[in-house]
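S.K.: Residue numbers (the numbering used here), protein chains in the order written: chain A, 22 to 175; chain B, 22 to 175; chain C, 5 to 87; chain D, 5 to 87.
Far from chain A by the CB rule (all over 10 Å, computed), these chain C residues:
#, residue
1, V30
2, A31
3, M37
4, Q67
Residues from chain C shown here face chain A by an in silico Cβ test under 7 Å; the list is partial:
#, residue
5, P83
6, G86
7, G87
Hint data in this document are derived by calculation from the structure and do not stem from the laboratory. Note that the coordinates shown come from a computational prediction; the quantities given were computed from them, not determined experimentally. Backbone N, C-alpha and C define an ideal beta-carbon position, used for all residues, glycine too.
The lines below spell out each chain.
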Amino acid sequence: MIKVQAEDFDIGAELAALSEGRHEIGGLAVFVGLVRAKVANDGAPAAIDAMTLEHYPGMTEKMLAGIEREAQERWPLSASLIIHRYGRLVPGDRIVMTACASAHRHAAFEACEFLMDWLKTKAPFWKLEEQDGEGAWVDARDSDEAARKRWETS
Amino acid sequence: MIKVQAEDFDIGAELAALSEGRHEIGGLAVFVGLVRAKVANDGAPAAIDAMTLEHYPGMTEKMLAGIEREAQERWPLSASLIIHRYGRLVPGDRIVMTACASAHRHAAFEACEFLMDWLKTKAPFWKLEEQDGEGAWVDARDSDEAARKRWETS
Amino acid sequence: MKLLYFAWVKTRIGLAEEEVDPPAEVATVGDLMTWLAARGPGYAAAFAEPERLRAAVNQDFAQMAAPISQSDEVAFFPPVTGG
Amino acid sequence: MKLLYFAWVKTRIGLAEEEVDPPAEVATVGDLMTWLAARGPGYAAAFAEPERLRAAVNQDFAQMAAPISQSDEVAFFPPVTGG
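Bound-form chain A, shown alone (with noise of 0.2 Å):
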């Protein structure tokens, strides 16, 4: 399932959801991002006030919906859940959570993962983070680009 929303969510609600009458689930694997106070940009960390996601709708949709979909079919998984946020948003606040379900539990890490890992370099998310009144656009980090590649296969 794909969520792409202003308001924020209830962890324990929404995979109590996901796993509502799956009694065959034995456990989920769970990744939840929060805004931090203090982000390194070029490596020197800078307080942060607040931060604007801005996204791209449509677009969001279709490649969340990818994600999971190639996530069910390289991961025995029984359900699967991604919300992720957009709009303005302070440290603290959370951002986007990933969720799998397996009846095995390294598969279940694994799926949970890899959704992030391609989120982050595939979802059509930009962050604009406010500091003293100035906004900058946060630059994409090749670690993350990086962490994608692990899971490439040829």
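Given the structure of chain A, go ahead and fit chains B, C and D onto it with the hints provided.
M.R.: Chains B, C and D alone, transformed into the frame defined by chain A:
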């Protein structure tokens, strides 16, 4: 943080408490284990009505604290949490939760999976499954021992 | 042809989206970038470093050599930074 | 010496815990198992397959050869199945 309890837990509230005011935390890797309605014992799946988790009070806390300390030493974690329930549970109930926060997403995932793999083979819990009024102690799985061995350092 | 701009590409051009009607010889994403860059200083700044840009055609990532047609939706933006 | 039994070890012996006073030649975890196995049919059944058992001394996992003393807390149980 270690919690051994009979009561259920609220995933969202636990994670919020873990990262409360900790604005350096950019992400949390989490695993939640649930009671499955069907379990494969000796290969054949059987429907269960409930299970009772017995544990060794004192040793449980000691082992879980040791496992958490080991994870803290091996990965750069800013926070971690292990919750394990005991007592009678029915299919769909939450049994266990592990969570790790790190500035590095991959480290958070690895540490979270490490906690699960280790507690599966090191934490003194035993599952008694009830089926049609009969109780049967669950056998340990070789795959859990194999999963733990992955993390051994020579 | 519908064009969409995001993040600093949008900021530099000063538009989030527009309709354009490029000449027939603008056949690829790369051609379109060259054609747009000549439309004014904001465009020139946005397309000054093509290697820092990504493009999508009809909401799928597209390479510079990808063909485009009048009915396409084409978007330009920096590498994504979500998650 | 305080002994604790869990899961089917407890069920077979019919006790969750007890105090025992083994003779001085019972010096290791393995010695204790042999000594306990002779205490009755429930004990014999519980300790019939030592390779299926695990032991802890003072709440740490212990091997068969681990030494024990009167003031120790010793527990016997099957391989753990939590999580």
